[in-house]
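Note that the protein sequences, when read in sequence, are chains A and B.
Counting with the working numbering, you get residues 1 to 184 for the letters of the first sequence.
Counting with the working numbering, you get residues 1 to 277 for the letters of the second sequence.
Be a bit skeptical, because a hint or two may be false.
[Claimed, not checked] Pair ranges (Cβ atoms, derived): (1) B:V28 <-> A:T153: 25 to 35 Å; (2) A:N34 <-> B:Q218: 12 to 22 Å; (3) B:G49 <-> A:D138: 12 to 22 Å.
[Unchecked claim] Derived, one-sided and incomplete: chain A residues facing chain B with beta-carbon distance under 8 Å: (4) L33; (5) N43; (6) F59; (7) G93; (8) L114; (9) F130; (10) N140; (11) N143; (12) H146.
Since the hints were made in silico from the structure, they are not lab data.
Yeah, the Cβ is synthetic: ideal placement off N, Cα and C, and Gly gets one too.
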Amino acid sequence: MPVRVTIRDQQVEVEGAEGGKPVVLNMNARKSLNGDIMIFDHNNIDIVLMPGAKKVVAFAKNLVSDEVYGAQNRLFDHLRTKGIVDTATIRGGNIYGSLEAVIYENDELDAYKLAIINISDFIDEERVNFDFTDAYADMNKDNLLHPSSKESTELGEVPQEAEKGSLKPGYVRDVYGLSSLYSY
Amino acid sequence: MKRKRHNKKRNTAFLYETLINEMTKAVVASDKDGIAKISNIMKQYFGEGNVLKEEVDLYKVLVETRGLDTGTAEKMLNEVKRVYLSLDHQDIFDQQSKVINDMNKTLTKNVFSNFVPNYKNLATISQMFSDKTPVKDRVLLEKKILDNLSKETVADSSKLQPIDNLVYKTFVEKFNKKYSGYLISEQKELLNKYITSFMDNGLELKIFMNEELGRLKQIISDSLDSDDIKSDSDMSGKTKNVLSLLEGFRERQIDDQMLIKMLKIQDLVREVQSDAS
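Please put together the full structure from these sequences, using the hints given.
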């Protein structure tokens, strides 16, 4: 059953064939000329809904890793438990790091409308995780680039001193954890 | 002898740069109140006729000038030093104290933690100006500044030449003329997706390849059942090789070699289809 999908700035509006109130979803998506809807919100995967081929495909964003497979696995698990995709059709795509599944067809319900809504739900569930990962990475970067005054010295030369930090001249640290001074 | 540590708050050029930095932040954040406060401080302490403005101008001469010969660089440095010595240092100190006080009270203390990219150069100049720096160090710092003044600015040789519409049109016409007879529509589409793949992290290319590989596999696989191939063991073996090559594409990243092979297989598939029909 055809649905009308309107994509605006960071929003996807889905309308059923019989009209009615459209569902507005907050997603970063793009629609290609052949009708494929590309959803970019997830940190690890790009999700593509292909009404022409009647399937959902998840491509690895950059690096193929356990995180990517985990995200793809969770996506199809979510869609499977919601009854959107056929479990028997979940398989690796023809491209490295991709996973795809066929969407069930239904004469009474808008299968694609439900698929988009459920993908949006999945992203909302995952958002907490990847927002946390982003914030953690930002915090680490910030810590390195803009350290607090306690953890840094001013730019420029640090004056030389004979003794600095824990390094003491003449003090020997050996493999057994014993430390002694050279006395001979 | 322990070297005296450089105090960045007493470096007028640093104060100026960090205020500019803070102003940029306020503008980006559309913080009208912040913009007004910073603007007031800038006007009050770095406006025309203020001794801090004169000092900042001297810093700018030393930081921004490049590409001088050694003689001119030395003259420039001496002249800057002469002008600097003629400034009222007590007045500079008092004005600095006032601006630091104002920045602390009106803005936040974090303003002094702003990242100033050319801070190291500013610190070098400040230490060179300071009469508390030992003579030996001052001479070394002067040498460093002279080196900077005579350093050549690197010209950007990688600048792209502008291409006008006529050149572009001619290029497209020539390209189409040369390849229109050779490339089939699927190959053109694949190349098109590959060329524009930089725009969306290659997603459209991946989508196209995912579908196209599926199509190619299907046709090659179907061709194994055709009488021509079934009867010829050599052809049958080679067709299976192509099929396993296509299967192998799912285990490797997309690269140029893969695209070249795919273009060739597209040609092969077109041939298989035309033979079948």
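Chain B contact restraint on A:L114 - CB to CB distance below 8 Å: For A:L114, the interface hint is violated, since the closest Cβ of chain B sits about 22 Å away, which is over 8 Å.
Closest C-beta approach of A:L33 to chain B relative to 8 Å, hint status: violated (10 Å)
Per-residue hint verdict: A:G93, partner chain B, C-beta under 8 Å: holds (5 Å)
Assessment of proposed distance window 12 to 22 Å (beta carbons of A:N34, B:Q218): Since the Cβ atoms of A:N34 and B:Q218 sit about 19 Å apart, the hinted range of 12 to 22 Å holds.
Supplied contact hint for A:F130, tested at 8 Å Cβ to chain B: violated (16 Å)
When the least beta-carbon distance from A:F59 to chain B is tested against 8 Å, hint result: holds (5 Å)
Status of the hint placing A:N140 at chain B (closest C-beta pair under 8 Å): violated (17 Å)
Hint check, A:H146 versus chain B [nearest Cβ-Cβ separation less than 8 Å]: holds (7 Å)
A:D138 and B:G49 - C-beta distance against the hinted 12 to 22 Å: For A:D138 against B:G49, whose Cβ atoms are near 44 Å apart, the range 12 to 22 Å is violated.
CB-CB spacing for A:T153 and B:V28 relative to the 25 to 35 Å hint: For B:V28 and A:T153 the Cβ distance comes to about 29 Å; the hint holds.
Minimum beta-carbon distance criterion (8 Å), A:N43 to chain B: For A:N43, the interface hint is violated, since the closest Cβ of chain B sits about 13 Å away, which is over 8 Å.
Restraint outcome when A:N143 is required to lie within 8 Å of chain B by C-beta distance: violated (13 Å)
Comparing the model with each earlier hint shows violations of hints 3, 4, 5, 8, 9, 10, 11; every other hint is respected.
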